[in-house]
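Student: Sequence:
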Amino acid sequence: MRLREYDYLQKNVVFVTVCVNHREKLLGEVLQPETELEIPSMQLSKIGQVVESFTETISGIDKYVIMPNHVHMIVFVPEGKHISTIIRSWKTLITKQLGYSIWQREYYDHVIRDEQDYQVRWNYINNNVTKWALDPYYQK
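The opening position of the sequence shown corresponds to residue 5 in my numbering, with each subsequent residue numbered one higher.
In case anyone wonders, no lab produced these hints; they're calculated from the structure.
Here the structure is a predicted model, which is why all the values come from computation and not from measurement.
Note that beta-carbon positions come from the ideal geometry of N, C-alpha and C, so glycine has one too.
Each statement offered as a hint is correct.
Simulated restraints on C-beta separations:
#1 Gln108 to Glu38: 29 to 35 Å
#2 Thr39 to Thr89: 42 to 48 Å
#3 Tyr12 to Glu40: 43 to 49 Å
#4 Leu102 to Asn130: 26 to 32 Å
#5 Trp126 to Leu41: 20 to 26 Å
Please model the entire structure based on the sequences and the hints provided.
Tutor: The following block contains the structure:
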């Protein structure tokens, strides 16, 4: 859903979630800690490593996390660009490198409206691995 009367070509900060097709766990797995002092961590698969390599090269990505079947990111979108162009380019680069597409056609985006909204999204990304079992995209 798009915000009515909102100019998406103005400078934006956007929280984005991109899912793997059929939510297959192709990007890696969350490793549970062996002791209570440790926290869960994400071990990327080879596909997940490709995703990470291209995610790190996209200008404007402020924070991201790669999960087993999806990616969350905060993107600073410059004026005159649209988030769809950035995400389409990112997906295309990964698809060309892999030789096939792993992505669902659509993605979720949320325009971050203020500093509090930004902090909520940033913390969500930062803690996503530790709360994998509570994630709406969680699958055993």
